[in-house]
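Each chain, letter by letter, is given below.
2 protein chains.
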Amino acid sequence: MPARNAFYAQSGGVTAVINASACGVIETARKRKDKIGKVYAGRNGIIGALAEELIDTSRETAKAIAALRFTPAGAFGSCRYKLKPPEESRREYERLIEVFRAHDIGYFFYNGGGDSADTCYKVSQLSQTMGYPVQAIHVPKTVDNDLPITDCCPGFGSVAKYVAVSTREASFDVASMAKTSTKVFIVEVMGRHAGWIAAAGGMASSEETAIPIVILFPEVVFEEQKFLAAVEAKVKKHGYCTVVVSEGTKGADGKFLADQGLKDAFGHAQLGGVAPVVAGIVKRGLDLKYHWAVADYLQRAARHIASGTDVEQAYATGKAAVELALKGHNSVMPTIERVSDAPYRWKIGVAPLSKVANVEKMMPRGFITADGFGITEKCRAYLAPLIKGEDYPPYKDGLPQYVRLKNAAVPKKLPAFEL
Amino acid sequence: MPARNAFYAQSGGVTAVINASACGVIETARKRKDKIGKVYAGRNGIIGALAEELIDTSRETAKAIAALRFTPAGAFGSCRYKLKPPEESRREYERLIEVFRAHDIGYFFYNGGGDSADTCYKVSQLSQTMGYPVQAIHVPKTVDNDLPITDCCPGFGSVAKYVAVSTREASFDVASMAKTSTKVFIVEVMGRHAGWIAAAGGMASSEETAIPIVILFPEVVFEEQKFLAAVEAKVKKHGYCTVVVSEGTKGADGKFLADQGLKDAFGHAQLGGVAPVVAGIVKRGLDLKYHWAVADYLQRAARHIASGTDVEQAYATGKAAVELALKGHNSVMPTIERVSDAPYRWKIGVAPLSKVANVEKMMPRGFITADGFGITEKCRAYLAPLIKGEDYPPYKDGLPQYVRLKNAAVPKKLPAFEL
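Chains D and S are the protein sequences, given in the same order. Be aware that the first sequence starts at 127, since it is given in this note's numbering, and climbs by one per residue. Be aware that the second sequence starts at 127, since it is given in this note's numbering, and climbs by one per residue.
Worth flagging that the hints you see were computed from the coordinates, not collected in a lab. A portion of the hints provided could be inaccurate.
In this list, chains with the same sequence are indistinguishable; a pair is considered to hold if it fits within one copy or across any two.
Pairs of lysine-lysine residues, derived as DSBU-like cross-links and limited to a Cα-Cα distance of at most 30 Å, are as follows [what the hints assert, rightly or not]: (1) Lys189 to Lys473; (2) Lys415 to Lys381; (3) Lys539 to Lys363; (4) Lys363 to Lys189; (5) Lys210 to Lys409; (6) Lys208 to Lys305; (7) Lys453 to Lys157; (8) Lys504 to Lys522; (9) Lys362 to Lys539.
Using the sequences and the hints given, assemble the complete structure.
If you want it as structure tokens, here you go:
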């Protein structure tokens with residue numbers, strides 16, 4: 127049987143290391159030309175498959191593919207596009223299979239979070255019933271760290287490291303200004319549903335640095351008076367306080383704290399972040415001088431301060447996805463299995479997609495301190511190895527030398543498809 | 127004559143490399159014990175001198191002092207406290223001289239921006255007329271890069287590198303999401319009066335990366351329609367656009383764009399940044415999906431991505447300050463003199479404080495493109511060497527090993543002084 131081609135696509139919000147997974151997929155596939163023909167990438171994720179906009183990765187040099195390992199964001203483009211359930215939109219799945227058939231694609235590697243695990247699962251199932259079976263393997267990726275079964279998710283360790291390092295640095299800054307200026311610094315981090323990223327802010331403090339930090343988790347209902355008391359106590363003791371607030375922090379009414387119906391002088395609605403809202407609460411409640419930052423995309427794109435562990439695991443899961451496919455696996459996701467904390471040891475495991483799809487992993491309550499504002503030793507033991515190791519990109523003229531691929535199009539063979 | 131002691135203080139907003147200057151001062155002084163006794167640091171800047179809260183840096187190990195070179199923020203504490211003009215508050219200057227006399231301080235090293243250059247100048251003059259002459263040397267420091275005479279200011283190169291790197295990374299992120307999600311990314315950077323830091327955002331783009339960037343400078347009056355047209359054109363051509371906005375951007379009415387009288391649902395005033403304001407303008411004017419970030423302290427504290435040039439120059443100016451003092455100079459500031467652009471060569475010069483104090487250096491108009499939204503080749507040639515070189519701090523357990531000094535107090539000899 128001649129080697130069939132593979133399809134790879136990036137899905138959802140990109141990360142500092144999703145391209146490292148792409149690198150793992152492509153480099154591993156290139157070594158197995160006997161089994162895998164070309165790797166086609168979807169231009170802008172799964173949309174590329176539906177629109178038959180395929181990228182021929184075989185047109186890229188080995189050097190360019192190797193550079194994906196240290197290039198952040200999605201080199202082929204990603205998308206926020208969720209396929210509807212097959213019973214609602216069977217035509218999308220039929221189109222996928224039609225495109226796969228037209229381009230002799232036998233392997234489907236989908237690199238994303240919970241939603242795309244679900245899509246990957248459905249593609250695997252439907253391809254069987256439609257008489258064109260493809261092996262569908264999901265490659266885990268999400269800064270939110272909320273996929274089940276796997277110990278952690280590629281993408282998370284790097285954003286965690288960024289948040290821990292930045293929180294440490296900004297806290298040193300505030301500590302030196304607090305006497306006459308800023309006493310409370312608020313940094314907003316990602317995490318709509320789970321507080322994993324906010325938890326990483328807690329790692330900024332160590333025995334040596336002893337930084338006073340108050341963390342606001344989406345898992346803990348925000349109580350203004352309790353929060354103000356916690357900040358005030360830290361300012362009294364240390365002279366300053368750093369607040370790490372998750373964008374997903376909610377009040378007792380279940381509404382996002384960020385959602386305060388802000389209006390400017392002309393009555394225009396302003397989409398504010400949660401950091402300025404918390405700053406306002408500090409100002410009104412304690413009348414302390416504050417500064418605030420919103421890290422937004424800077425945090426998840428920060429390849430310059432990526433975690434060595436994370437880069438390695440992102441590559442390893444990409445590589446494992448291809449190896450699993452070659453071993454005949456289908457409808458699975460390679461996972462990270464933690465073998466031990468200290469020394470940190472891990473290995474690649476495998477999880478059936480039926481158990482991954484649509485399950486969100488929250489922070490265990492045992493990872494959050496009793497007062498709801500900090501992380502426990504158990505949480506530190508979990509996070510510590512994930513932010514370990516520096517994996518610097520190469521620099522030219524003071525800037526990281528991230529690669530831009532040629533992204534040459536595969537000639538289309540089918541009529542257009544309306545998305 | 128026995129060696130007299132030195133006083134060193136950090137002033138105003140801290141930077142990623144102000145401690146590298148402290149390191150240069152202290153290490154150089156330690157080598158000249160014949161001329162300089164102990165180096166006393168002001169706890170929380172000049173306030174430490176007024177309150178006679180001196181730190182005995184001789185109690186720190188050589189290793190701890192060496193670690194200042196890679197530790198951000200102000201290791202002895204800084205302050206925002208401007209001495210009044212002598213005619214208004216002669217008692218402050220008298221107190222300074224009294225403290226200097228009590229602790230046999232003959233050298234005054236003041237590490238700060240324009241305001242502190244002015245203070246340093248006055249201390250030098252008044253110490254003469256008060257009959258206790260001290261040699262006052264100003265060590266340049268400001269992320270704003272607005273000191274005159276010197277080619278650049280220690281602190282600026284590192285924040286410029288941070289902004290250039292982060293803008294490049296976030297732009298890669300947006301480029302990969304733009305098909306179905308964010309099309310305009312807005313990042314707010316520092317610079318109330320001068321657009322040097324915003325200009326650094328322009329360095330994110332190069333021939334290879336070709337990132338569409340619109341910069342909003344404080345030097346250029348904001349015109350909404352012109353801005354929207356520039357963003358729209360870039361989105362049309364590239365699919366996305368990155369906006370780097372200086373916090374000091376002003377409208378035709380001369381008011382900060384950030385100052386929009388924001389109110390939350392309860393009518394509370396919100397101190398917003400300029401990034402969400404620009405996001406609102408983009409939303410209303412173009413109806414494009416956006417994300418925004420406010421880097422705030424993260425940018426100036428980011429020692430993890432400091433510029434090698436900047437670290438070297440920060441150390442060199444600290445070292446030069448001591449050497450100038452030992453050569454008998456007074457009332458001067460060591461400067462960076464650019465000898466050539468490519469290859470970049472620089473040397474230490476010297477400027478009289480009378481010409482430094484209270485002069486702000488704005489971006490030359492020739493550094494901003496004709497449309498007001500970009501940087502010229504001339505500007506790139508100026509900025510390029512300043513962000514060059516990586517100078518990574520050591521890491522332990524995934525986090526930079528920044529030093530916390532003992533900061534042992536020098537016993538007081540004088541009655542208390544009311545600030």
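Against the structure, the hints come out as follows:
no.: 1; hint: Lys189 to Lys473; verdict: within (27 Å within a copy, 39 Å between copies)
no.: 2; hint: Lys415 to Lys381; verdict: both (27 Å within a copy, 22 Å between copies)
no.: 3; hint: Lys539 to Lys363; verdict: between (69 Å within a copy, 27 Å between copies)
no.: 4; hint: Lys363 to Lys189; verdict: between (54 Å within a copy, 29 Å between copies)
no.: 5; hint: Lys210 to Lys409; verdict: between (45 Å within a copy, 28 Å between copies)
no.: 6; hint: Lys208 to Lys305; verdict: between (51 Å within a copy, 14 Å between copies)
no.: 7; hint: Lys453 to Lys157; verdict: within (15 Å within a copy, 67 Å between copies)
no.: 8; hint: Lys504 to Lys522; verdict: between (41 Å within a copy, 19 Å between copies)
no.: 9; hint: Lys362 to Lys539; verdict: between (70 Å within a copy, 28 Å between copies)
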